[in-house]
Structure formats: structure tokens, C-alpha cells
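**Q** These are the residues of each chain, in order.
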Amino acid sequence: MTSTNYAYLSNYAVYSAMVLYTIAFFAHAIEVSFSVRNVEAETKFDFGRTDRAGRIGSAMIFLAFIFLTLGVLFRGLSAHRVPWGNMYEFSITGAFAFTGAYLIALKKYKLRWLGLPVSIAVLLTLGTAITVLYRPSAPLVPALKSTWLAIHVSAAIISGGVFLLANCIAATYLILDSYESKGLPRPRWATNLPTLDALDQLSYRLVAFVFPLWTFAVIAGAIWAESAWGRYWGWDPKETWAFITWVAYAAYLHARVTVGWRGRKAAWLCLFAGSTFLFNYIYINIWGTGRHTYSGL
Amino acid sequence: MTTSELTGISLFRWAWRQLTSMRTALILLLLLGFAAIPGSLFPQRTQNPMKVNEYFTNNPTLAQWLDRFKLFDVYSSPWFSAIYLLLFISLIGCVLPRTLEHLKAIGAKPPLTPKFLEKMEFATSVAASKASALDQAEKYLRRKRFRIRRDADSISAEKGYSRETGNLLFHLSLILILVGVGIGSLYGSKGEAIVSVGDRFINTPTSYDNLAFGKFQSEGSLTPFELTVTDFKASYDVRTNAPSDYTLSVLAANPVGSKTTAKIIKVNAPLTYKNTKIYLQANGYSPLVTVRDKSGKITYQGGVVFLPQDGNLTSSGAIKLPDMNPQIGFVASFVPTYDRSNKRGAFSAYPEVLDPRLLVSVWTGNLGLDSGRPQSVYRVDTSKMSRIGLAQLKLHETYKFSEGSITFEGWKPWVNLQIVDDPGKIYALFGAIFAILGLLLSLFTRQRRIWIKVGEGVQIAGLAKNAAPGLEKEIADLKSKLEEKL
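The listed protein sequences derive, respectively, from chains A and B.
Residue numbers for the first sequence follow our numbering, beginning at 1 and rising by one.
Residue numbers for the second sequence follow our numbering, beginning at 1 and rising by one.
Just chain A, same shape as in the assembly:
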């Protein structure tokens, strides 16, 4: 098969994945809205029906994940390289990593309540990728031709996916915590969610698990920069923000392990750290200057 054929196949796979994510989004929306409708305690809550919708949502996300995997794979085959050469490719791979992290967590921790935010986030990412960020599949610029591309970018993308998942959980914690601190009962859509304590632990576990990988991503980037740009660290905007993210998560881990922060304070710090990652990805890639300008925009 030729490069062009693979590029088309990749696009079809990404489009199909988007359709499936949309179905998943509606399924999860039905799952949630059915519970939200009953504000008054008198109305009966039809749990069996929403459960089915939720399961359809999960199945659709799983299918979408398979199509997205193919999309990423074909994109790589069409360009004869790892598919991380511009921002369109970062985005579809990022969506892939995020969904993958969600599916693994779903199997291990019963996280189906995250299906709605996950499907919205992925749909938005893919939508922007296809409409704004899309660039034809092309060979890499010389600076990117290195085995470190695969190592550095995959580590960064996986870390990013898990950081964002930890952020979703920390945000959920804060929402539910605000109910609890006002003495209100949990909203109906949240009745199935784990306890506050479990959410708190879960976001910490995810961060602690992926922090070494993020450290590795930064170091791999430094080693690569040394061979491509003549210095291992140069405070390029992207490097600076990677450093800020690293420092923020290091502070988060210290705050938890050594100082003993839990709950609301820890969740805010986690959200702050995650937002530095998002800022780096979105703002620095598109509007930033410096040497990491591979977005193709």
C-alpha cells in the first residue's frame, strides 16, 4: 500500500473513532442526565436503565479506542516514522493515550463515571485536530530525525494522559467535597462514585505512578537536545514549562508524602500542576516561540 492510501485510511479511522466517541458521549450523557433529572427525592431512580446506557458508553469508547489506535498506526505507516511530527499527530496520539489510561483505570478502579468528561475531552481534542491542526502526512524535519523522538515523545504523551486523568479525578473530588462541606447530600449522578477518600488516594496514586515517567521524558528530551541543538538545557519556553510542571508535581508529592496534605489542598495543587502541563501543550505549541515549534501551524 502507498503512503497516500495509509494516510486516507488513517483519516477514515480517526473519523470513525469520532463517530463512536460521539455515540459514547450521548450514552454517557443519558446515563448521567437520567440521574440528574430526579432533583426531588420522591421520584424513583431507574438505575437499571442508566446502567445499560453507561455500559453502551464504555463499549463505544473501547471500540473508538481501537479505531483511534488504527488511525495513529496508519498515520505512522503513511509517513514511515512514528506519528509524532506535528501538532495534529500529537493530538491524535494524546487522545489515544488519554483513552488508554481511562480504559486501564476503568478496568481496575470502576471509573465509569468519568466516561462523560473523557468522551467530551477526547471529542474536543480530535475535533480541533481534524479541523484546525490537520496537516498532510509528510517526512520529518531533520531535527526530529532521531530515535529519541519515539522515546521522548511517547514518555511525554503517556505522562500527559495520566496527569490529565488525575486532574479529572481531583476536579471531581473538589466538586463532591463542596457538597459535603455544605452538608448537602451528593448529587444523584455522583451516588455511584467512590468515597472522597478513595478519589483522593486515586489521584495521588496516578501522579506518583507517572511522575518518574515524566522525569524520564524531560531527561530524554535533554539528552536529545544535547545532540540536536548543542545544549542539554536552554530554557526554551517548552523546556521551561516542562520544568514548571515537574516542579509543581514534585511539590505535590512532597506536600502529600512529607507534609501530609490530603483532600482539598492536595486536589487544588494537583489541578494547578496539571494545568501547567495543559498550558505547555496548548499555549506554547501554538503561540509560543522557541525551538519546539513543530506544530506545523
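Worth flagging that the hints you see were computed from the coordinates, not collected in a lab.
None of the hints are false.
Ranges between beta-carbon positions, derived for each pair:
id	chain 1	residue 1	chain 2	residue 2	range
1	A	R291	B	S76	14 to 22 Å
2	B	G107	A	T69	47 to 55 Å
3	B	H396	A	R291	35 to 43 Å
We put the beta carbon where it would ideally sit given N, CA and C, even for glycine.
Place chain B on chain A using the hints.
**A** Below, chain B without anything else, positioned relative to chain A:
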């Protein structure tokens, strides 16, 4: 001892305790993150001095104030340095005592078994024989590689010391990275030089366009290599015009005058002589021209380096002839593949040379080279000059103006070499590797204690540091082992 001395010492102690406290370290860590932000928002001198100058021209007053606070040199500013130095002092003050403590703990036995096990976590009583329970438990725990303190009626066992080992290794490695960065900036050098195809570069300070030495590095310390650029090939993707490969061929010798060997330099594959690396950083074109005076005598012949202005290598530069009478200057552009639009005028449509043009405007008067002020070689100061001609030349065309003529003879590519000597990076690399190993060790080791006590009955309890999961299962396992032997 006088009281003032006492307060002096106690003040120092108090300050030291404050600085090395975890809370201070945490604040400094977050502060370091925030302090790094302005460096990504304002242009930095070390990265892009041109942008800084531009900022000064556009907002002179604001720029002056920003400069007073070192916002164009954030990462070498006193306040940024103060934060990271304090952080590292705090870190050393925290890590060194802990390292000593940890070394002692490794040699020592686990702490005594607490008096009342029933108050501890996972406390459970075991239906096991009092006589053999401790022996069996010891055997079991030894096999699981716990450290064991055996007393008359109890066992205190601990496992997972490598958590602290990893933690300390990680923090000590950060210090090693800082040392590496320091060595690099004090004993290193970094410079750039533009070399055209066919030219020779000898590694001495005068060969550089710009060169910076570390504080303790002298000019004589440059690696004495030489290289001659034999060929430079750039290939581009025809659909996107993006570069797909750069290959630089050189004949290199180290030291100067020794036997030369052919080498290839690519963007991700620099040429290495010990700590010195030679990088291919940028490329462009030098148009070749011949300039004649009114009588037809050649006043200049050769190539002039032009700077690329866009991705398609539309290049601009200056040709200055101070020895002609009157002085002549050409403000010129080189367009490798000619195209034209009403908006932009002539521009390049592709970065390779397919249909080249040389655009010149001819100026006569005073070039201003004697004024003593340094001048860019890529620009003509036309303030004391007047324009006497304008032309667009195809290859081998000649343009005649009142004071002489210029002929567009051809072009040759040039490359910008970056030559870096960093003796500290090997320390930084080892620091980074140890840091990751330490981090993995500390984040994935579970540290926990298990106690067994024989009194009224047999009791087990445990303690998991940082609520690490899995201890409950371990204790249940031990319990069933002890009970099955009953």
C-alpha cells in the same frame, strides 16, 4: 562566651532550622516554578538577543524597567539564582543528616516491638502454638528478606529500607546535576561560526563570529582541530517545502596539520572531539558576484554571506565596497527560486536553487565604516548615501550603473556551525540517571513493619509507611502460615 555570641549562634541555628524545614523547602520549590515563568513570556538575551533589542525599540520605558529586574536574563538573575541556591542549601541541610541517619539505620536492628500491639494497625490474634510461633515467624520473615530484631517474647521486623535509599539517592543526584551545570558554565565554551562550502575553519577564537568562555576557561584551551567544508546537501519535501535532510561533509584533522579524515555532520549527529562537539545549526546561500568600476577594473569578486529571511531561504545581505571612489554599497536580496506577488514583491517559492535572482539597489556616498561604531555586515547604513540604481539580475547577467557594474556569477551554500565544549554534562547525565533510579526505588518500594508478640496469646500487627497497600494481605498470609503449623 558573651550573650551576643550566644544570640548570634542561636540566631544562626534558628535560621538553619527554618531553612531546612520541609515547609520552607516546599515554598522554595513552588517559588522556583513561578520564578521560571517570566523567562518564557519575555524574550531572553541568551536565546534571542535580537528579540530583546526589538522589545527595547518597541517599548523603551517598559523594557528599561523590565531590564532593571533582569527579566531579559531571568535564569542568570540574582533572584532566580537566590531561589535555587537556597533550595539546594535547604536540600543539602535536609538530606545530609538523613543520609547519616539512614546509614546508621541500615546497620542497626529494627526498633523495639511496641508494648500494646492491639492498638496498632492490622492487629490480630493468631491461634498458634506459643512455643514455636516466634521461630516459625522468624523463618517466614527471613525468607521474605525482612530485617529482624528477635527479643525474648517478640519479633520486630522491617522491610523496604530501599525506599529511603532511593529517596536520598534521588536528592543527592539533583545536587550532582547542579554541580554538572556549574562545571559546564565555569569551564566550558560555546561559539558559532559561518563557514562556506570550500572554506577551512581552524578552531581558534578569531575564527568565530561569536564565542563565549566560562569564567575559568582560557582562550588557549580550545581543542585545536581544523575542518574544511567539502560539501553541503539540503533536501526538501516538495509538497510542504519543509527540509527533510541536511548532510554536511567535511575533512577534519585534530590537531591542526595532522592527517585529515572525511566526516559527515548531521543535525542529530554532531562531530565529537572529547568534550567538544561541532553541530550543524543553520544554512543559507552566499551569492557570488563580480563588481567592476567605471574603467572595467574588478574591485570585488567572490561570495557574500546572506541571511535567510524565511523558510524558503529568501535571503538578504549587503555588499560594501569602501575602497571604490565614491564608496558603493549594495542592499541586496538573493532569491533561490523566483516568484513574485503584488503584496510581497519578489520572493522565494522553494528553498533549493531552481531559478535564482539577485535583487540589488545600488547606493553611493559614505558607508560610515570610519565612524568607529560597529556595523552589521548584513546591512548598509544608507543614511549618508543616495540610491543610484535598482536591478533584478538573472544568473550571469550584468547590471551597469553610473559608477560601474555588478555581475551575478552564481552562488554557494554556507553552514552555521555551533561549537560547544561542555565538560560538565557527563556529571549532569549521571545525575539524571541516578535521579530516575532513585525515584523509581523510592516511589515503588513499600516500607512496612510487622510485629509478633507472645504474651497471653500470639499477636500480630503491622505498620505501612504512607499507607502503602498490601500489608493487610501479607499479615493475613503470615497468620495462616502460623495457624496451619498448629
